[in-house]
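S.K.: Now for the letters of each chain:
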Amino acid sequence: MDGSSELKKTPLHALNVSLGGRMVPFAGYEMPVQYTAGVMKEHLHTRAAAGLFDVSHMGQVTVRARSGDNADAARALETLVPVDVVGLGEGRQRYALFTNDEGGILDDLMIANRGDHFYVVVNAACKDQDFAYMQAKIGDVCELTLHDDRALVALQGPHAESVLAELWADISSMRFMDVRACDLHDADCIVSRSGYTGEDGFEISIPAALTETVCRRLLDHPDVLPIGLGARDSLRLEAGLCLYGNDIDTSTTPVEGALEWAIQKVRRKGGEREGGFPGASVILDQLENGAARRRVGLRAEGRAPVRASAVLATDPEGEDVVGTVTSGGFGPNVDGPVAMGYVTKAAIAPGTQLYAGVRGKFLPVTVAAMPFVKNTFKR
Amino acid sequence: MLKFTEEHEWLKIEGGVATVGITVHAAEQLGDLVFVELPEVGATFEKGGDAATVESVKAASDVYCPLDGEIVEVNEAITADPSLVNSDPQGAGWFFKLKLANVSDADGLMDEAAYKELVG
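Residue numbers (the working numbering), protein chains in the order written: chain S, 1 to 379; chain H, 380 to 499.
Among the clues, some could well be false.
[Claimed, not checked] With beta-carbon atoms standing in for the labels, derived distance ranges:
1) H/D441 with S/P350: 47 to 57 angstroms
2) H/S462 with S/D223: 43 to 53 angstroms
3) S/A308 with H/Q408: 50 to 60 angstroms
4) H/Q408 with S/D223: 42 to 52 angstroms
5) H/G395 with S/P350: 52 to 62 angstroms
6) H/Q408 with S/T376: 50 to 60 angstroms
7) S/V17 with H/G487: 35 to 45 angstroms
Hints are computed from structural coordinates only; laboratory data are not their basis.
Model, not experiment: these values are computed from the prediction.
Backbone N, C-alpha and C fix where the C-beta goes; we use that ideal spot for every residue, glycine too.
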């Protein structure tokens, strides 16, 4: 069945097509997998200069306490995520996870404290489900709004700051994970210094009607190229970042996913607000004692990319299976194959030699530290 | 004699041996290749068998054997430098030479005009 007629379009659809975007179905949207430069050049350009990504398919939700006290919204959000929301300062953003009662991950998201409310960004494929879930769990305490009236773009790369500074001079004073309202070309935008490429950069929420104007201004800059989902995936993979649905899902816990860094002390055992989120008993125990398996990085010895669902074994015959690859491909900046996957506890040490099943052969791979490229966040 | 398949391969047939590669259209669709795996010399394939694999940053794709035959030579230059397939797909970026089991099988393939019509 041709489902293209049911696919949604982002406010940048016409611009994406006019820029030569090769449009494909993704999470219910028609999205550009690449533009005319192609995945390889788009990836390398982002790490060398600046890339502009349309990520308007993601869900933008505002969470406003019905009491008018933003602390009530923070406490409500803390019942859904194992992170410190109460302690998140105004104008700051933090990575978070919706967990389920088994300790699995329902989605990963960003939470920003906007002073009088919280602003949450969730994955496209999960947004309707996330919104219904939040409504059911905290809708009595908070007024929730899904902002389909706003687009979201990411400007990423070492030149992102200088490019954006030409539109809005104040941008340079922002640190990694700062969030501010700003006026870009008379558009009422929300800018955060964050992204999902491992590069310094910004994510910009723009009223839908003004999005094309703002993006054309950015694309007019000689340092900026439009970047599709193909390079977005290879960039996040090189940066060691998880893709929800591949690397983390309801069957993986934050500890198995090597995301302990996202769980602040205050929510852990002995912390001031210990537990109190779905799956806390499983997750708090794993934080103390570790999990039976863990997400690790993998480097292949040869040139053949090792991709998702490849089996990982300790022997070249592939008999002693210890895990599975969840994301993998070619890293243009690494100039070689990079992958991540889950392996049993005994095989998680960097340097561990494993073998990945690729088209009937078992190719040597080595457990490696992530990220595969050094991140350049302005902390 | 130059022939084409619906799987976007070209065959240049001389004396019962076909030099096989992928078309300009296929190379454009695949994008920049980062890895090529070729069959072994001496291997035999039926039409439609997985003879080679090409990988871009994004995905792996099979290259099918266009007709029944035996591999008599492979182009190691493209395994050393897969970008040759993108820069010269119908020349230096050839994949393998196939000794055809039945030369007359090639009659069923498209000529260049028919292929151009297929890809528009």
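S.K.: Tell me if the beta carbons of H/Q408 and S/D223 are separated by a distance inside 42 to 52 angstroms.
M.R.: 29 angstroms, violated
S.K.: Does the beta carbon distance between H/S462 and S/D223 stay inside 43 to 53 angstroms, or does it fall outside?
M.R.: Check failed, 25 angstroms falls outside 43 to 53 angstroms.
S.K.: Is the distance from the Cβ of S/A308 to the Cβ of H/Q408 consistent with 50 to 60 angstroms?
M.R.: 21 angstroms, violated
S.K.: Evaluate the given range 50 to 60 angstroms for the C-beta pair formed by H/Q408 and S/T376.
M.R.: 33 angstroms, violated
S.K.: Can you tell me whether the CB distance of H/G395 to S/P350 sits inside 52 to 62 angstroms?
M.R.: At 54 angstroms between Cβs, range holds.
S.K.: Could you tell me whether the CB distance from S/V17 to H/G487 stays inside 35 to 45 angstroms?
M.R.: 38 angstroms, holds
S.K.: Just to be sure I understand the hint, the distance between the Cβ atoms of H/D441 and S/P350 should be within 47 to 57 angstroms; is that true here?
M.R.: With Cβ atoms ~34 angstroms apart, the hint is violated.
In terms of the numbered hints stated before, the structure departs from hints 1, 2, 3, 4, 6, listed from lowest to highest.
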